[in-house]
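S.K.: Residue-level listing of the chains:
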Amino acid sequence: MTATLFRSSSARVALLLIGTAVMSCLPTRVAARTDYSSLRHSVVKIYATTQRPDYSLPWRTHPPQRSSGSGFVIKGKRILTNAHVISDARYLEVKRDGNPRRFRATVAFAGHDCDLAILTVEDERFFQHIRPVEFASKLPSLSQTVTVLGYPMGGQRISLTEGVVSRIDHSTYSHSGIDTHLALQVDAAINPGNSGGPVFFRDKVVGVAFQGITRADNIGYVIPVPIIQHFLDDVADGHYHGYPELGVLSLDLRNKALARELGLPQGETGVVVTHVDPFGAARDQLTDGDVLLDIDGHNILEDGTVLLDGEHVHFTELMERKQCGESIAIRIWRGGASVGLTFPLNAPPDPFVYRNLYDQRPRYLVVGGLVFAPLSREYLKTFIRNASGANQQQLLYISQYVKMDALYEDHDEFIVLVKQLPHPVNTYSGAFLNGIVTTVNGRAVRDLAAMQAALARTADTMHVIGFSGMDDELVLPVAVAQAAEAEILQQYGVPAAAYMGETK
Amino acid sequence: MSSISRALQPYLATAALTALATQLLLAATPDSPPAEKADQSASLSPHESLLQVSVTFQEVDPFQPWQKKRPGRRAGLGVIVGENLVLTTETMVRNHTLIEIRRPRSGEKIPARIVRADPKLNLALLTLIDPRALAGLPAATIATGVKLGQAITISKLDETAQVQTGPGMIDRMLLDSPPGIPFSMPLLRITTPMLVGMSGAPLFLGDQLAGLVMGDDRKKREAVALPAFMLRYFLSGSLPGDASPYAGIASAGIMWQPLIDPAKRTHLGAAPTNGGVQILSTLPGSGAADILQSGDVLHAWGGHPIDNLGFYVDDEFGRLPFPFLIKARQRPGQTVPVEILRAGERLTVELQLQTLQDELALIPENVEGAPEEYLVQGGFILRELTGDFIRAHRNNWQTSVDSRLVNLYLTRRQSPEHAGDRVVILAGVLPDEINIGYQHLRYAVVEAINGKPIRNMHDIFELLDSEGQLYQFKLKGMGVSPILDPEKLSEANLRMQQSYAIPSLQYRKGPAHSDEL
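From first to last, the protein sequence lines stand for chains D and E.
Residue numbering for the first sequence follows our numbering, beginning at 19 and increasing consecutively.
Residue numbering for the second sequence follows our numbering, beginning at 1149 and increasing consecutively.
In case anyone wonders, no lab produced these hints; they're calculated from the structure.
Keep in mind that a hint or two might mislead.
Heads up, simulated BS3-like pairs for lysine-lysine below, C-alpha to C-alpha not over 30 Å straight-line [said to hold, decoys possible]:
1. D:Lys274 <-> E:Lys1622
2. E:Lys1657 <-> E:Lys1624
3. D:Lys93 <-> D:Lys156
4. E:Lys1636 <-> D:Lys274
5. D:Lys421 <-> E:Lys1624
6. D:Lys222 <-> D:Lys340
Using the sequences and the hints given, assemble the complete structure.
M.R.: As C-alpha cells, then:
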C-alpha cells in the first residue's frame, strides 16, 4: 500500500487553471441539519511555494514548486493544516472562502512526526468575522457520515464531499515515512488539494484530511482529534517536542512456556522486553527480560493489547497519549517480583531514526571532489527500490538493524560517500561509493564534524580513508586535493566545501 | 613442441600412450581414415565418439528441505574419451536421479553413473553400468598441440542424432567464467558462425578432441571452450598409464585488485611504473592465509612478473591474468614462490596452493545444489545460510531476503571468524500451538540453543544428541530467547510431522565430506 499525499502539485493546479470553467462545488444535497454555509467560512485555502533539497547533491535544491492545500481556523487566530502542505515552504499565502485577497502566512509550528502544522497571519484582519471551528470530543464511529471541506482539484471555490467512516486503524503517516498513528479511513472523496482541510461530523471537526491511496477508490485518510489535540497541547509551551518513544521491542507472552520460564505468576499477563533502545525514554529503566505488566494502570494482556475506551488496542498506543516530559508508570515483573517504575518520558535526540527530513539544509563535506554526507532516509530513498551491490545493501542493513545489532557503538552518525565529482584526483574512488567511513588518517571518526577535523589535522601527504566492511582504503593526496578544491567547487557549482549545520 | 610448463609434461607421455592405444583399436577395423580427414567415413569418424546424454534431475526444495522439487529433464552431449568413459558437463548431471546414454545407431538407452564431477571446470566423467555397451565405438583422443589461430570443427548432435559440424577458429585464450557458471576457468575463445546452443559440444582439431564448448554468444558469433589440456588433467587417473589422480583446481586464497591509482601506489610503497597488484585479503584456512597480508603488493607469481592490472605474459598464449597460472599450470599441493612488496621491502615468500573449499566459507555457495543439513524442532526450521538458499529467492533476492542476511552474504561470505563458523538461521516457522508467539521470526539468526552457543549445524546435532531436545533459542538482536515447551515438544514434533507431511525432521551429512573430485 502506497500512501500518497494529496497536496495538489503545481502541474495539476496549472491544468486546473487553464481552460476549466469555474464550477461551484457545493453539491445539491447538504448533510441533514448541518449548515455548512457558515462553517465553510472557517476553511481556508493555502498557497505554498516550496523547495526541497537534493540529497544526492546536498548543496543543490530542486526547483521551487507551487502547490495548494487546505486549512482551517482554530482558536487563537491560528490556522491548522498538514505539515506536508507547508514543509520546506519559501512563501506562503492564505485565502478565505469567498474573498479573493491573499494574505502572507508564516509557519508557527510544524509536527513532522504527525503531519500537522500551525500557521499564523500577521495581518489580523484575515481573521475578522471568522469563527474558529470546534473539535468533537470523541472519535466518530464506523458508518457515521462525515463531511470533508476543502479546496481540492477540480475547481477554485470551496468543495464539499461526504462519506462514511470506513475504518479506524493505525497507519503509517507517509509524511514522516515511519511514524504510525491512529487514522480514520473514510470513503468521502479526498483528492489533491484537500490536504489540511477539516472533516466534520455534524458541526464539529473530527479530523484533518491528509492522505489517500492512489490505486484504490474511495479510500481517504483523516488525522483524528486525539492526534490533533496532542499536537496542540504539545505546542502550548512555544516548542514542538514530538511524540515520546518508550523505546522497547517486545515479544508477546501468548506462549505459556515462555511465560513460565520468566516466572510470571498465574493471573499476571504482559509482554517481555527483548531489546531496549539506547535512545528511548526507557533506556536506563528497563532491561531485556523485564515483563511489562501494566502501563499507567492499564493491564497488558498476553497478546500485548490493552483495553482502551472499550476496545483492545496494542499497548504501544498508550504512548500516543503521552507528551515528552510527562511521567509514565510501568509495573514490571523482574527477578521474581513485581516492581513499580515511574519515570519521565525524556529522551536524547536519536540520530538513528531515519525519518523524512524537512525544513533543514543537508550537511555535507567535500574533499578532493568526494562528497560525504550523513546517512538519512532521504538518501536511502534515492536507491531503495533497486538497491544492488554490497555497499547499498550495507546501508539498508544499517538503517534497519542499527539498534538491534548495536551498530551505533562506534558512530554518532553514519558518514556515507554519496557522490564522486569526477576529477583526476578521485578518478579511482568509484568502488567506495555508498561506503561508510570508519577511519580517517588512522583515527576513528564518529560523525561528519570529526571527519572534517581529522582531514584538517593531517600532517601526512596522503589522506587515507577506511570504510566499513572493506579491506581496501581510499587514498587521496593531500596537496593535490587541496590545490584542486577551488577548481572542483567552481566546476560543479558547489558554493562551499562543507556545510556543517547551524552552530549550536 | 612449444614450451609447456613442467607440470604438464608427465601427461604428455601418457597422452602419447593413449593415442597409441586408440590407434591399435582403430587399426583392428578395416578402414582407418588418415588423421587429417574429419568426418568422412561413417563407421570410424571421431564423431562416433559423440553420444546423447539424457538426465532426469530433482533438486531439493530450499523452502521445505525435507522434500524435493518436481523432477526435470535435461538433454545434451557426451564424448567418449576412454574405455567406458564419457565426458560431459557438470551442469548436465547436477542433482541427477538417472543418467542415460544413448547408443548411436541402435538408439538404446544405457544407464550411467558418475566417476567424478567438478563444478569448477563444469566437467563430469561418466561410466556406463554395462561396461561393454560402448564396444566398437571410438574414443576421442585429447589433442596436445592446441594453439591460437588453429582451425577447428565444432560438432553436435541434432534432435535426430545426426552429427552437425561447423567450422571455427581459436581466437585467443582467456580466464573467464562461462555464462551461468560462477567460477572462472581457462577458456578458448572460438570465432564461429555456428549456433552451438548446447554446452558440452566437442571441438575437434583434426580427429582429436581440442576442447569442450562451455557457452556461446550467437550475436557475437563466438563460443568459449574448455581447452584440451584442462580436459586431460580432469581425466587424470582414469586413463591407462596415468600416474596421479585428478586433484582439483588449485586456489591460492587471495582477494586482489589492480593497482593503478598512483596515489595508492605511493601509499603502498610501490614505484609508479613497475607493475604489481594490491592484495586485499586472504581466505581463512587457505595457503595464502598466514603468508600474505592486506596491503602487500604482488609483483611476481612463480617467477612470472605481473603488471599493474594483474596480467603476465604466457609463453604459449600471450597476455593473461596471473590466476591463469594457478588454475591451468599449477596444481593443489604445489608450492609457488611469490614476490611481494611489503612496507617498502621486496620479499619472496612461498605459498602452498590448495583447492578452493566451499566448506571453509562462512556462507558456502553450494553451487551444486547438494542437499543441505536441516533440523525441524517444534516447527522451527533450522539450517545454515548458503548461497544456494539465497539464490532460491530468484532475481529479487537482494530485496526479498532479510537485509541482515544479504549484508552478511555480500560482505563476509568468505570470512568466518573461526574455522567452521556458519550462519545458522531460522528459515521459517511452521505454525503450531507449541510455537505461538514466535511465528513471525523468519530469517532470525540463531546464536545459542539451550543456553549453549552454536556455530553451525554440526554443533546443533551434537547438542540434540546429548540433550535429547532443543527448546530454547537465542536469536541475534533479541535479549530474551523463545522457548518451546520441553514437555510438549516430542508430541508436537510428531504432530507436525503428520500435519505438514514431513518425511524426516532432520538431515545430517556424514562426517566431514570433501568436495567431490
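S.K.: Compare the distance between the alpha carbons of D:Lys93 and D:Lys156 with 30 Å, and conclude whether the hinted pair is satisfied.
M.R.: holds, 19 Å
S.K.: Straight-line Cα separation of D:Lys222 and D:Lys340 no greater than 30 Å?
M.R.: Holds, because 24 Å separates the two Cα atoms, which is no more than 30 Å.
S.K.: Can you confirm whether the C-alpha distance between D:Lys274 and E:Lys1622 stays at or below 30 Å?
M.R.: holds, 18 Å
S.K.: Between E:Lys1636 and D:Lys274, does the CA-CA distance stay at or below 30 Å?
M.R.: Since the Cα atoms of E:Lys1636 and D:Lys274 sit roughly 11 Å apart, the hinted pair holds (cutoff 30 Å).
S.K.: Need the status of pair E:Lys1657, E:Lys1624: alpha-carbon distance at most 30 Å?
M.R.: Within the cut-off at roughly 26 Å; holds.
S.K.: D:Lys421 and E:Lys1624: Cα distance at most 30 Å?
M.R.: Holds. D:Lys421 to E:Lys1624 sits at ~12 Å (cutoff 30 Å).
Consistency note: the structure conflicts with none of the earlier hints.
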